[in-house]
Amino acid sequence: GESVGLHLPTLSVQEGDNSIINCAYSNSASDYFIWYKQESGKGPQFIIDIRSNMDKRQGQRVTVLLNKTVKHLSLQIAATQPGDSAVYFCAYNFNKFYFGSGTKLNVKP
Amino acid sequence: GAVVSQHPSWVICKSGTSVKIECRSLDFQATTMFWYRQFPKQSLMLMATSNEGSKATYEQGVEKDKFLINHASLTLSTLTVTSAHPEDSSFYICSLTRDRGFEKLFFGSGTQLSVL
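Chains as they are written, first to last, in our numbering: chain S, 1 to 109; chain Y, 110 to 225.
Worth flagging that the hints you see were computed from the coordinates, not collected in a lab.
Warning: the hint list may mix true and false statements.
[Stated by the list, open to error] Beta-carbon label-pair distances, calculated as ranges:
no., chain 1, residue 1, chain 2, residue 2, range
1, Y, D136, S, A78, 23 to 33 Å
2, S, A78, Y, S192, 47 to 57 Å
3, Y, E168, S, S28, 20 to 30 Å
4, S, S28, Y, G125, 44 to 54 Å
5, Y, G170, S, Q14, 40 to 50 Å
6, Y, W119, S, D31, 32 to 42 Å
7, S, D55, Y, T189, 37 to 47 Å
8, Y, H194, S, Q45, 28 to 38 Å
9, Y, G170, S, A29, 15 to 25 Å
10, Y, S218, S, I20, 20 to 30 Å
[As the list claims (entries may be wrong)] Straight-line distance between alpha carbons at most 25 Å, and here's what the computed DSS-like set of lysine-lysine pairs gives:
no., chain 1, residue 1, chain 2, residue 2
11, S, K96, Y, K164
12, S, K68, Y, K213
13, Y, K123, S, K42
14, S, K71, Y, K213
15, S, K42, S, K108
16, S, K96, Y, K173
[What the hints assert, rightly or not] Examples of chain Y residues toward chain S, derived with CB under 10 Å:
no., residue
17, Q115
18, T158
19, T166
20, I202
21, S204
C-beta: ideal position from N, C-alpha, C; glycine also.
With the hints as constraints, model all of the structure from the sequences given.
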């Protein structure tokens, strides 16, 4: 079956540093990926997405990298801020969405 | 502004009672809505896909008689947890997309259900 997983369950970074959150997927037919941010007690918030015909996409302070060869997805956050502290999920969409196990990002002041 | 409105934000109920959660699309007509369940410190688990005007499609292991879904209009889907038990306590989140193609999901704010 399909699965979307994460390498690191928790990540602690210093304010101002860059953060990298990783995600591995198993279904080679996956062609659309999304990163979501979820703060405690709230619904997920869209961050950035990428299609399989791309290997990199940049947003404001965030970059998503896709390596289809090894079925790996990453989210890079530049100059991490305390407001970035949350749980981050990758998700794969093929008629419906499935979510990875999540990585908790702790930003230390 | 918000695209999805979900109510209530939290609810406490006694065992054996039923609880209804509403999910409204505010900006567009949503033919498809999704219901997720999330336990503390865990990921979102898809429960069912709600289709306007037809029966919901449930994921394997989700009891359709336990979690009743009604998608009576293009802007409203409801999830009713029937005869709730403490193990049904969880965070329930609805989401919707403009179509069934490659579109991002918009999420509601979630409902924290606590069954005593």
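Results for each hint:
no. : hint                          : in the structure
1   : Y:D136 with S:A78: 23 to 33 Å : holds, 30 Å
2   : S:A78 with Y:S192: 47 to 57 Å : holds, 49 Å
3   : Y:E168 with S:S28: 20 to 30 Å : holds, 22 Å
4   : S:S28 with Y:G125: 44 to 54 Å : holds, 47 Å
5   : Y:G170 with S:Q14: 40 to 50 Å : holds, 42 Å
6   : Y:W119 with S:D31: 32 to 42 Å : holds, 37 Å
7   : S:D55 with Y:T189: 37 to 47 Å : holds, 44 Å
8   : Y:H194 with S:Q45: 28 to 38 Å : holds, 31 Å
9   : Y:G170 with S:A29: 15 to 25 Å : holds, 23 Å
10  : Y:S218 with S:I20: 20 to 30 Å : holds, 29 Å
11  : S:K96 with Y:K164             : holds, 16 Å
12  : S:K68 with Y:K213             : holds, 20 Å
13  : Y:K123 with S:K42             : holds, 24 Å
14  : S:K71 with Y:K213             : holds, 20 Å
15  : S:K42 with S:K108             : holds, 22 Å
16  : S:K96 with Y:K173             : holds, 18 Å
17  : Q115                          : holds, 7 Å
18  : T158                          : holds, 6 Å
19  : T166                          : holds, 9 Å
20  : I202                          : holds, 5 Å
21  : S204                          : holds, 8 Å
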